[in-house]
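Residue strings, one per chain:
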Amino acid sequence: MTSTVDEHGQHETAYGHPGPPRRRGLLMRPGWIRALWVTALFFFIGMYIVVTIRWIAGWDPVYEWEYIVLVAGMVAAPIGFLTGIGTFDYWLYWISGRPTVPDDHANHGAYKWTDYFKVNTDHKVIGIQYLVTTFFFFLVGGFLAMLFRAELAQPGMQFFDTQTFNGLVSAHATLMIFVFVIPAFAGLANFAVPLMLGAPDMAFPRLNALSFWMLPIAGVMFAASFLAPGGAFATGWTSYAPLASEQPFGQVFFNMGVQWAGASSIATALNFLVTIITMRAPGMTFWRMPLLVWANFTTSLLVVIATPFIAGSQFFVMFDRVMHTSFFTPDNGGYVLGYQHIFWFYSHPAVYIMILPGFGIISEIISVMSRKPIFGYRLMAISLLGILVLGFSVWAHHMFVAGMADWLRVPMMISTLLIAVPTGVKVFSWLATLWEGKIHLNTPMLFALGFVSMFVIGGLSGIYLAAVPIDIHASDTYFIVAHIHYVLFGGSVFTIFAGIYYWFPKMTGRMYNERLGKLHFWLTFVAFNVTFFPMHWVGLVGMPRRVADYAGTFGALNMVVSIASFALGASVAIFAYNIITSWVRGPVAGSNPWRAMTIEWQVSSPPPVFNFDEIPQVVGGPYEYGVPGAKHAVLRGGALQEAHV
Amino acid sequence: MIRRAAVVKMVVVAAIAALIATLVAVLIDWLPDSASEEMDRITFVYWFATIICIGIFALVVAVIVEAVWAFRVQPDDDTDGPPIHGHTGLEVAWTVVPAILVIAIGVVSAVVLSKNADAGSNPLTIKVFAQQFAWRFDYAGGVQSDELVMPVHRSVRFEMDSPDVIHSLWIPEMGQKQDVVPGTVQKIVITPTRTGRFRLICTELCGLGHSTMRAPVRVLEQPAFDKWLEKQSSARGGSAGGGSAGGGGAQVGKKTFASAGCGGCHAFEPAGTDAEIGPSLDNLAADAEKAGKPLPDYIRESIVNPNAYVVPSYKSGVMPTTFGETLKPEELDGLVVFLSGKGAE
Numbered sequence: 001m002t003s004t005v006d007e008h009g010q011h012e013t014a015y016g017h018p019g020p021p022r023r024r025g026l027l028m029r030p031g032w033i034r035a036l037w038v039t040a041l042f043f044f045i046g047m048y049i050v051v052t053i054r055w056i057a058g059w060d061p062v063y064e065w066e067y068i069v070l071v072a073g074m075v076a077a078p079i080g081f082l083t084g085i086g087t088f089d090y091w092l093y094w095i096s097g098r099p100t101v102p103d104d105h106a107n108h109g110a111y112k113w114t115d116y117f118k119v120n121t122d123h124k125v126i127g128i129q130y131l132v133t134t135f136f137f138f139l140v141g142g143f144l145a146m147l148f149r150a151e152l153a154q155p156g157m158q159f160f161d162t163q164t165f166n167g168l169v170s171a172h173a174t175l176m177i178f179v180f181v182i183p184a185f186a187g188l189a190n191f192a193v194p195l196m197l198g199a200p201d202m203a204f205p206r207l208n209a210l211s212f213w214m215l216p217i218a219g220v221m222f223a224a225s226f227l228a229p230g231g232a233f234a235t236g237w238t239s240y241a242p243l244a245s246e247q248p249f250g251q252v253f254f255n256m257g258v259q260w261a262g263a264s265s266i267a268t269a270l271n272f273l274v275t276i277i278t279m280r281a282p283g284m285t286f287w288r289m290p291l292l293v294w295a296n297f298t299t300s301l302l303v304v305i306a307t308p309f310i311a312g313s314q315f316f317v318m319f320d321r322v323m324h325t326s327f328f329t330p331d332n333g334g335y336v337l338g339y340q341h342i343f344w345f346y347s348h349p350a351v352y353i354m355i356l357p358g359f360g361i362i363s364e365i366i367s368v369m370s371r372k373p374i375f376g377y378r379l380m381a382i383s384l385l386g387i388l389v390l391g392f393s394v395w396a397h398h399m400f401v402a403g404m405a406d407w408l409r410v411p412m413m414i415s416t417l418l419i420a421v422p423t424g425v426k427v428f429s430w431l432a433t434l435w436e437g438k439i440h441l442n443t444p445m446l447f448a449l450g451f452v453s454m455f456v457i458g459g460l461s462g463i464y465l466a467a468v469p470i471d472i473h474a475s476d477t478y479f480i481v482a483h484i485h486y487v488l489f490g491g492s493v494f495t496i497f498a499g500i501y502y503w504f505p506k507m508t509g510r511m512y513n514e515r516l517g518k519l520h521f522w523l524t525f526v527a528f529n530v531t532f533f534p535m536h537w538v539g540l541v542g543m544p545r546r547v548a549d550y551a552g553t554f555g556a557l558n559m560v561v562s563i564a565s566f567a568l569g570a571s572v573a574i575f576a577y578n579i580i581t582s583w584v585r586g587p588v589a590g591s592n593p594w595r596a597m598t599i600e601w602q603v604s605s606p607p608p609v610f611n612f613d614e615i616p617q618v619v620g621g622p623y624e625y626g627v628p629g630a631k632h633a634v635l636r637g638g639a640l641q642e643a644h645v
Numbered sequence: 001m002i003r004r005a006a007v008v009k010m011v012v013v014a015a016i017a018a019l020i021a022t023l024v025a026v027l028i029d030w031l032p033d034s035a036s037e038e039m040d041r042i043t044f045v046y047w048f049a050t051i052i053c054i055g056i057f058a059l060v061v062a063v064i065v066e067a068v069w070a071f072r073v074q075p076d077d078d079t080d081g082p083p084i085h086g087h088t089g090l091e092v093a094w095t096v097v098p099a100i101l102v103i104a105i106g107v108v109s110a111v112v113l114s115k116n117a118d119a120g121s122n123p124l125t126i127k128v129f130a131q132q133f134a135w136r137f138d139y140a141g142g143v144q145s146d147e148l149v150m151p152v153h154r155s156v157r158f159e160m161d162s163p164d165v166i167h168s169l170w171i172p173e174m175g176q177k178q179d180v181v182p183g184t185v186q187k188i189v190i191t192p193t194r195t196g197r198f199r200l201i202c203t204e205l206c207g208l209g210h211s212t213m214r215a216p217v218r219v220l221e222q223p224a225f226d227k228w229l230e231k232q233s234s235a236r237g238g239s240a241g242g243g244s245a246g247g248g249g250a251q252v253g254k255k256t257f258a259s260a261g262c263g264g265c266h267a268f269e270p271a272g273t274d275a276e277i278g279p280s281l282d283n284l285a286a287d288a289e290k291a292g293k294p295l296p297d298y299i300r301e302s303i304v305n306p307n308a309y310v311v312p313s314y315k316s317g318v319m320p321t322t323f324g325e326t327l328k329p330e331e332l333d334g335l336v337v338f339l340s341g342k343g344a345e
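From first to last, the protein sequence lines stand for chains A and B.
For the first sequence, the residue numbers in our numbering are 1 to 645.
For the second sequence, the residue numbers in our numbering are 1 to 345.
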């Protein structure tokens with residue numbers, strides 16, 4: 001205990017007297033101005049490395065823009081940006097032996113809105129930075145979806161040529177997956193997990209900041225591909241070889257963007273793992289961790305193990321193109337299907353990366369809003385681990401029609417079907433938690449229940465797709481599009497909305513507007529179903545996915561789908577309005593509006609810069625609702641005593 | 001007691017949900033009218049899974065609806081529910097029962113899968129050649145066609161190859177689907193059960209012209225099929241004989257135009273195509289002038305090395321660059337004659 005007091009004392013002193021600041025000029029100070037010129041500088045360095053090599057080798061033309069954009073624009077300039085904005089400052093000082101500013105956390109906390117645009121090492125600030133950034137890319141990705149739904153409203157070609165259409169579809173999926181769903185969960189967890197563990201911050205706050213700042217690089221790269229000659233990458237988010245190595249230059253923006261998003265993802269996951277393993281408050285055993293923490297623990301394991309595979313697959317596809325290697329081309333001994341095996345070895349676990357944190361969020365909300373302990377806590381945690389293990393043995397179910405070895409189909413089908421078991425355990429346990437509870441039907445709970453029902457539909461269509469004969473008929477049709485949107489929108493996005501509403505009072509200290517929240521839910525729920533449910537039918541009766549033009553018989557339903565998709569887009573405007581106005585002038589929320597037991601609700605809203613004046617002592621399970629006198633944690637000094645009655 | 005009443009109501013809600021789900025499943029034709037034995041078996045697996053899924057769906061809906069109905073409280077209610085932490089019997093049940101159900105689906109699927117891969121003792125073999133963005137079907141005896149013609153009630157074994165990227169063969173009414181992977185020969189079996197016209201669709205994104213990569217399919221009675229095959233093979237013999245003689249070049253060209261799938265992307269009036277992916281071939285003379293080449297040389301270069309000159313407002317790198325290797329010399333010569341408009345009549 002004394003050591004924590006010391007630590008706390010140190011923080012306090014350091015924060016009160018931030019070490020002697022060597023005031024640097026505007027150009028040299030970390031921030032956007034330095035980022036601007038260092039990015040430009042690095043771009044020119046990268047460019048002249050390419051030009052010099054080409055000149056020495058005597059290759060013509062010396063100024064070959066594709067290679068310059070690849071090396072200078074997608075590697076050197078982003079490193080320059082990260083350097084300029086200030087993510088490396090501390091490490092560079094330390095490496096070069098210059099006096100580092102003592103760890104005073106001068107970059108902790110956000111006191112005005114402009115602080116969110118600076119490098120910040122506070123997990124709560126980074127969490128909000130993640131959420132706002134990913135929401136921006138959600139809007140961009142949604143806008144692209146509106147564009148191609150406009151094209152699909154009628155058969156025939158109206159607005160775009162087929163290459164542009166393919167580009168819109170591909171960029172939509174890529175933005176949504178890599179710079180919205182995956183990092184939005186990282187943002188929510190960034191905010192909540194250290195607080196839930198009773199830790200003052202993540203284990204590596206500077207690495208945490210670096211992880212965040214790599215993310216916009218990926219998003220900008222995906223979006224910027226529309227400016228490339230030949231248009232955006234147009235091979236779907238799956239980007240199958242060998243098509244991907246023959247497409248116009250926009251494809252490279254995907255290959256490299258994925259590297260930045262993946263690096264960000266891996267760094268964050270390592271950070272979560274170390275934080276969860278080493279920084280739990282005294283008494284916080286693994287079996288007392290909230291299920292959100294369990295979910296992020298398993299997700300982080302998935303990320304760390306799987307993500308290097310997609311990085312490799314994208315590098316190899318790019319090498320096939322720029323260096324004329326033959327990793328995935330049929331000539332010179334390449335292995336075309338190898339791409340799909342490596343890609344799905346990441347991208348199937350990625351499906352769980354995009355849903356397990358959502359499971360965690362829903363477990364928190366359903367327990368708190370039903371005023372009951374979560375049903376079967378240990379089995380809930382074990383089923384997460386079950387999904388983690390099984391998740392690595394099912395990747396080839398994406399390849400039932402791909403022409404892989406025949407014998408692989410049946411084992412992959414069985415393991416895929418078996419994943420329904422731990423997933424079913426979770427669904428049934430949530431339902432049992434509801435039973436006989438005291439159900440508060442507010443916005444987070446509506447989204448939680450909406451999630452359970454939509455995810456069940458997505459899970460059941462997943463049963464059809466796991467059965468190989470049905471999958472052979474349904475794969476690459478709109479049935480797949482329907483299925484992935486039921487699990488990724490009805491699943492993941494609903495949980496993200498639920499989580500944002502749930503922790504909004506903790507993040508901002510203010511309460512969102514309940515009426516607008518409910519309106520948002522119902523509009524989303526109805527528009528979502530009208531948009532995606534008909535896709536099951538058009539797919540099964542014969543409409544393939546990723547086509548700009550289709551048979552006239554599907555015209556009427558596609559018009560309905562397009563109109564509903566615009567309504568779905570409009571529902572996001574209600575959410576944005578609610579969040580922005582409530583953030584600015586919503587009613588003060590109090591520290592624990594939900595009367596929740598987990599530790600983040602036992603401190604003020606928003607929490608103090610270092611979360612706790614004194615490290616909490618954990619004394620029981622996180623969901624002991626209805627147990628007389630039960631407590632999850634004891635806080636002293638600055639903790640709010642009235643928090644739990 | 002609230003508990004028993006709630007369970008009874010829940011069973012009623014479950015029955016209603018199951019009824020609605022069953023009506024949705026039965027009243028809407030979710031699958032196309034089957035036209036193959038393989039699709040018949042797929043349809044069987046589909047209904048097997050559907051029955052199980054309706055049960056699970058109804059259960060989940062009933063619990064959610066009934067829980068919200070019976071246990072909802074006002075926002076100012078600050079009491080807690082009963083501290084139930086779990087129930088071992090229930091937890092074992094909802095682990096074991098779903099496991100049994102999904103394994104049953106798995107066993108049925110595995111049996112159907114092996115039956116659907118069995119071509120029987122007397123299959124007809126058709127070689128499929130898929131390239132951006134056209135299909136070609138090769139029959140025994142050297143017959144080539146851009147329309148897929150199959151006899152009814154006989155298993156057809158497809159052997160498929162692609163020179164460029166991955167494509168995928170699917171005829172919705174016949175269920176079976178298989179990617180065509182360059183550098184490998186992929187196999188699939190289809191046994192048509194009724195005559196008629198269908199459409200073959202490429203279902204793997206293969207580039208710019210993916211959504212136009214379709215082919216007509218015809219299923220005939222065996223005698224009609226034999227007659228068709230014979231006619232095709234005699235037509236081929238005739239044109240091969242006349243290929244060297246002047247006027248025949250255009251005939252070879254016309255056939256090649258169809259079999260190589262040029263019409264998938266290009267409009268060309270003499271061939272009756274109107275696609276808009278690539279430049280119209282009705283303006284070849286003007287384009288050749290712009291490129292500064294004599295017309296036959298320009299046509300030949302544009303087929304073999306399409307990126308050498310690209311008509312303004314079209315994109316480079318779209319047309320396959322493999323035609324120089326895949327077309328036979330006489331086919332290439334024929335195309336040049338056909339496209340330059342000489343002897344088209």
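Don't read these hints as lab results, they were simulated from the structure.
Misleading hints may appear alongside valid ones.
[Claimed, not checked] With beta-carbon atoms standing in for the labels, derived distance ranges: (1) 301/B to 156/A: 30 to 36 Å; (2) 104/B to 113/A: 56 to 62 Å; (3) 566/A to 104/B: 41 to 47 Å; (4) 185/B to 324/A: 24 to 30 Å; (5) 69/B to 156/A: 33 to 39 Å; (6) 92/A to 301/B: 53 to 59 Å; (7) 185/B to 92/A: 54 to 60 Å; (8) 566/A to 3/B: 21 to 27 Å; (9) 627/A to 92/B: 20 to 26 Å; (10) 307/B to 114/A: 24 to 30 Å.
Idealized CB from N, CA, C, for every residue including glycine.
>> Please list, smallest to largest, the hint numbers that this structure does not respect.
In response: 5, 8 and 10
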